[in-house]
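Student: Protein chains in written order, with the working numbering: chain A, 10 to 157; chain B, 10 to 157; chain C, 10 to 157.
In case anyone wonders, no lab produced these hints; they're calculated from the structure.
Just so you know, these numbers come straight off a predicted model, no measurement behind them.
Heads up, a few of these hints could be off.
To be verified - Listed next, with one range per pair, are the computed distances between beta-carbon atoms:
(1) C:124 / B:121: 22 to 32 Å
(2) A:127 / B:45: 25 to 35 Å
(3) B:112 / A:78: 22 to 32 Å
(4) A:57 / C:123: 45 to 55 Å
(5) A:77 / B:110: 13 to 23 Å
(6) C:135 / B:58: 41 to 51 Å
(7) C:77 / A:127: 44 to 54 Å
(8) B:45 / C:101: 17 to 27 Å
(9) B:76 / A:101: 39 to 49 Å
(10) B:129 / A:57: 39 to 49 Å
(11) B:44 / A:126: 14 to 24 Å
(12) A:133 / C:44: 45 to 55 Å
(13) B:44 / A:127: 30 to 40 Å
To be verified - Not close to chain C: a few residues of chain B, all C-beta gaps over 12 Å, as computed:
(14) 73
(15) 125
(16) 133
(17) 146
(18) 155
Said to hold, decoys possible - Here are the simulated EDC-like cross-link-like pairs (lysine to aspartate or glutamate), alpha carbons at most 20 Å apart as the crow flies:
(19) B:68 / C:117
(20) B:45 / C:143
(21) B:47 / C:80
(22) A:45 / B:117
(23) A:47 / B:73
(24) C:45 / C:80
(25) C:68 / A:117
(26) C:45 / A:117
(27) A:68 / B:104
(28) C:68 / A:104
Glycine included, C-beta positions come from ideal geometry on N, C-alpha and C.
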Amino acid sequence: MNARNFVGRVLAAVALAVLLVAGVVPAHAQQAAGAKSKVVMQVSDGDAAKWNLALNNAKNLQADLGAANVDIEIVAYGPGIGMLKADSVVGARVDEAIGAGVKVVACENTMRGQKLTKPDMLGSVGYVSAGVVEIMQRQQQGWAYIRP
Amino acid sequence: MNARNFVGRVLAAVALAVLLVAGVVPAHAQQAAGAKSKVVMQVSDGDAAKWNLALNNAKNLQADLGAANVDIEIVAYGPGIGMLKADSVVGARVDEAIGAGVKVVACENTMRGQKLTKPDMLGSVGYVSAGVVEIMQRQQQGWAYIRP
Amino acid sequence: MNARNFVGRVLAAVALAVLLVAGVVPAHAQQAAGAKSKVVMQVSDGDAAKWNLALNNAKNLQADLGAANVDIEIVAYGPGIGMLKADSVVGARVDEAIGAGVKVVACENTMRGQKLTKPDMLGSVGYVSAGVVEIMQRQQQGWAYIRP
């Protein structure tokens with residue numbers, strides 16, 4: 010086998026492997042190869058209609074794609090933090106979404122600003138130190154972004 | 010020609026070709042090479058001011074870039090579906106945008122939820138089964154996302 | 010050194026270099042290699058609470074990541090243009106953000122539509138001809154997008 014044939018044959022396998030391992034080809038490019046869809050959803054409005062819309066969106070994504078085929082993360086911050094408080098009007102729906110595999114996280118910066126602590130929040134939610142940083146980093150990792 | 014020189018010369022051509030053909034390099038990377046700009050716009054508010062803003066945005070994108078150089082898709086869902094109803098206050102502007110080459114689609118999930126059928130909608134619009142899935146997939150394909 | 014070993018060793022270096030130089034690997038993939046984070050933030054609501062939220066978001070991004078590690082650009086257009094007028098209720102905070110390294114730009118299309126000229130605006134802000142085009146292009150360049 011001469012060098013030209015050799016390079017031709019190994020490039021498809023090796024170049025992809027190298028780039029993927031090196032983290033240089035972004036996640037959404039990997040999605041093109043059939044991997045899981047990934048969506049980060051932002052809730053930053055203090056508006057129960059928006060909270061319900063975000064939960065509807067998550068439900069539709071799972072219904073259409075199959076829950077096993079899509080990672081969904083809802084990040085609540087700013088006035089949106091009310092969605093995840095223990096007395097939230099959508100608390101039952103948030104618990105249900107989490108039970109269905111949706112990741113739901115509250116912004117600790119916002120909580121500090123509003124003097125909220127974990128006992129003030131729904132027991133089922135997770136936490137991130139800064140909601141806006143989380144949303145930015147998810148996009149950098151190739152996640153799609155939905156702002157209901 | 011020794012192997013080192015050979016690899017140096019063919020990598021630029023072959024690696025790119027392989028990655029592009031394999032669909033591994035995402036669409037917006039291909040845009041960097043001078044291809045068409047692509048933008049998906051979300052309309053999910055039941056607010057005529059937002060509908061007009063989305064239509065203004067589309068118009069400005071076409072004016073600035075040239076209509077032939079940008080693909081624009083407006084996806085209306087949730088409370089935004091009213092933008093595309095037959096009695097929409099912006100119906101004439103929607104028709105005009107579609108005439109100018111903007112793709113405008115309504116979410117069938119939302120329509121079902123609001124007991125709307127195609128005769129209730131503007132005759133010019135298209136349809137997608139789930140607006141939020143469409144928006145996610147466009148981003149996965151490398152489209153920019155604007156949420157007016 | 011045989012050809013197989015040679016290709017294995019040079020691919021990591023050469024393939025990446027070629028793709029980066031060719032502009033084929035998008036900016037956010039380059040970010041994965043440890044470069045600066047980049048975020049474009051949209052302000053298109055005529056709502057001072059949203060203006061403050063955008064400024065809070067910028068502050069949190071800088072606090073969490075270190076101001077030297079993140080490029081932030083706030084683009085105000087449509088009803089959001091009020092954020093950057095000389096009489097803006099958040100004028101002092103806008104000046105402060107710009108002093109802290111945040112780029113803040115007003116949409117000249119919007120200004121024309123509202124008969125605003127540069128003397129009507131805060132002295133510290135910059136300008137882009139079309140806010141929506143700027144936001145689209147930043148995403149094409151690999152910037153994350155936040156719409157507070």
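Student: Look at each hint and say if it fits the structure.
Tutor: Outcome of the hint check:
no., hint, result
1, C:124 / B:121: 22 to 32 Å, "violated (44 Å)"
2, A:127 / B:45: 25 to 35 Å, "violated (48 Å)"
3, B:112 / A:78: 22 to 32 Å, "holds (25 Å)"
4, A:57 / C:123: 45 to 55 Å, "violated (32 Å)"
5, A:77 / B:110: 13 to 23 Å, "violated (38 Å)"
6, C:135 / B:58: 41 to 51 Å, "violated (26 Å)"
7, C:77 / A:127: 44 to 54 Å, "violated (32 Å)"
8, B:45 / C:101: 17 to 27 Å, "violated (42 Å)"
9, B:76 / A:101: 39 to 49 Å, "holds (47 Å)"
10, B:129 / A:57: 39 to 49 Å, "violated (26 Å)"
11, B:44 / A:126: 14 to 24 Å, "violated (50 Å)"
12, A:133 / C:44: 45 to 55 Å, "violated (36 Å)"
13, B:44 / A:127: 30 to 40 Å, "violated (48 Å)"
14, 73, "violated (5 Å)"
15, 125, "holds (27 Å)"
16, 133, "holds (22 Å)"
17, 146, "holds (16 Å)"
18, 155, "violated (6 Å)"
19, B:68 / C:117, "holds (14 Å)"
20, B:45 / C:143, "holds (15 Å)"
21, B:47 / C:80, "violated (24 Å)"
22, A:45 / B:117, "violated (24 Å)"
23, A:47 / B:73, "violated (32 Å)"
24, C:45 / C:80, "holds (7 Å)"
25, C:68 / A:117, "holds (14 Å)"
26, C:45 / A:117, "violated (24 Å)"
27, A:68 / B:104, "violated (31 Å)"
28, C:68 / A:104, "violated (31 Å)"
Consistency with the previously given hints fails for numbers 1, 2, 4, 5, 6, 7, 8, 10, 11, 12, 13, 14, 18, 21, 22, 23, 26, 27 and 28, ordered from lowest to highest.
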